[in-house]
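Visitor: Chain residues, written in single-letter form:
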Amino acid sequence: GAVVSQHPSWVICKSGTSVKIECRSLDFQATTMFWYRQFPKQSLMLMATSNEGSKATYEQGVEKDKFLINHASLTLSTLTVTSAHPEDSSFYICSARDRSLAGGPEEQYFGPGTRLTVT
Amino acid sequence: QKEVEQNSGPLSVPEGAIASLNCTYSDRVSQSFFWYRQYSGKSPELIMSIYSNGDKEDGRFTAQLNKASQYVSLLIRDSQPSDSATYLCAASGSARQLTFGSGTQLTVLP
Chain A
61 GAVVSQHPSW VICKSGTSVK IECRSLDFQA TTMFWYRQFP KQSLMLMATS NEGSKATYEQ
121 GVEKDKFLIN HASLTLSTLT VTSAHPEDSS FYICSARDRS LAGGPEEQYF GPGTRLTVT
Chain B
36 QKEVEQNSGP LSVPEGAIAS LNCTYSDRVS QSFFWYRQYS GKSPELIMSI YSNGDKEDGR
96 FTAQLNKASQ YVSLLIRDSQ PSDSATYLCA ASGSARQLTF GSGTQLTVLP
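Chains as they are written, first to last, in the numbering used here: chain A, 61 to 179; chain B, 36 to 145.
Keep in mind that a hint or two might mislead.
Said to hold, decoys possible - Derived EDC-like pairs (lysine to aspartate or glutamate); straight-line CA-CA distance at most 20 Å:
#, chain 1, residue 1, chain 2, residue 2
1, B, Lys91, A, Asp125
2, B, Lys102, A, Glu166
3, A, Lys101, B, Glu80
4, B, Lys102, B, Glu80
5, A, Lys101, A, Glu147
6, A, Lys124, A, Glu147
7, A, Lys80, A, Glu112
8, A, Lys124, A, Glu112
9, A, Lys101, B, Glu38
10, A, Lys115, A, Glu82
11, A, Lys74, A, Glu147
12, A, Lys124, A, Asp158
13, A, Lys101, A, Asp148
14, B, Lys102, B, Asp62
15, B, Lys77, B, Asp118
16, A, Lys80, A, Glu123
17, B, Lys77, A, Asp148
18, A, Lys101, B, Asp62
19, B, Lys91, A, Glu166
20, A, Lys126, A, Asp158
21, B, Lys91, B, Asp113
22, B, Lys102, A, Asp125
23, A, Lys74, A, Glu112
24, A, Lys74, A, Asp148
25, A, Lys80, A, Glu147
26, B, Lys77, A, Glu82
27, A, Lys101, B, Asp113
28, B, Lys77, A, Glu112
As the list claims (entries may be wrong) - Here are the computed distance ranges between Cβ atoms for each label pair:
#, chain 1, residue 1, chain 2, residue 2, range
29, B, Asn42, A, Ser133, 40 to 48 Å
30, B, Lys91, A, Lys101, 44 to 52 Å
31, A, Ser69, B, Asn101, 24 to 32 Å
32, A, Lys80, B, Asp62, 30 to 38 Å
Derived by calculation from the structure, the hints in this document are not laboratory data. Note that the Cβ used here is the ideal one computed from N, Cα and C, for glycine as well.
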């Protein structure tokens, strides 16, 4: 089955620093990757949609200058949280859609998530 | 506003019983529907997808879709303690993004 990896699985950083999270599709090419954030006891909230070779599309209320997304290849998207603050502490999860299924089922495959703690 | 709503639970069922999870959606454009299982501290895992009206069965899981009523459900037969998790309903709209419900927490009691 389709496998998506994320790195790191958890990270602790100091307030004001930046953190980069990587999302990779391991056995398929992903034209589109999605970045979600999940706070405790809440559902997943879509932050942005990342398309290979183009600018990400951010959801309303998500600061694009704070959450930098780069989708440089069909297997890699990165999310950089710039100038992180304690309120950015959350579970960040990426997902990817298989390029070979373009026009077909909308299934998304999720990475294992990255738990960010900002102190 | 496009919404997916679930009864938040928590839902408790005894081992071996049928667990019934429900979901409604507001966007009539939605064509694809998914059920994800999420264990505490883990990311969601796709367990069922359904695209047309009717029932779809996969092992102990049955998804039901009624587009006229904008209603999706998931039945888990012979529930096991390992089924205890939060179940997320998701709908894919015209933008091919997923909108998630708030999740239903299921506990299967041994």
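Visitor: Is the straight-line distance between the alpha-carbon of B:Lys77 and that of A:Glu82 20 Å or less?
Guide: holds, 17 Å
Visitor: When you check the alpha-carbon spacing of A:Lys126 and A:Asp158, does it fall within 20 Å?
Guide: violated, 28 Å
Visitor: Please verify whether A:Lys124 and A:Glu147 have alpha carbons no more than 20 Å apart.
Guide: Holds, at roughly 16 Å.
Visitor: Are the Cα positions of A:Lys80 and A:Glu112 separated by 20 Å at most?
Guide: holds, 18 Å
Visitor: Cβ-Cβ distance between A:Ser69 and B:Asn101: within 24 to 32 Å?
Guide: violated, 39 Å
Visitor: Is B:Lys77 within 20 Å of B:Asp118, Cα to Cα?
Guide: Satisfied, since the Cα-Cα distance of roughly 14 Å is no more than 20 Å.
Visitor: Regarding the pair A:Lys80 and A:Glu123, is the alpha-carbon distance no greater than 20 Å?
Guide: holds, 16 Å
Visitor: Is A:Lys115 close enough to A:Glu82, meaning Cα to Cα at most 20 Å?
Guide: It holds: about 17 Å lies between the C-alpha atoms, which stays within 20 Å.
Visitor: Would the pair A:Lys124 and A:Asp158 pass a check requiring their Cα atoms to be no farther apart than 20 Å?
Guide: Roughly 25 Å separates the two Cα atoms, so the pair is violated.
Visitor: Going straight from one Cα to the other, do B:Lys91 and B:Asp113 come out at no more than 20 Å?
Guide: holds, 17 Å
Visitor: Just to be careful, I want the Cα atoms of A:Lys101 and B:Glu80 compared with a cutoff of 20 Å; is the pair within it?
Guide: Cα-Cα ~17 Å, so holds.
Visitor: Quickly compare the C-alpha distance for A:Lys101 and A:Glu147 to 20 Å and report which way the hint goes.
Guide: Satisfied, since the Cα-Cα distance of roughly 15 Å is no more than 20 Å.
Violated hints, listed in ascending order, are 1, 4, 12, 18, 20, 22, 23, 27, 28, 30 and 31; each of the other numbered hints is respected by the structure.
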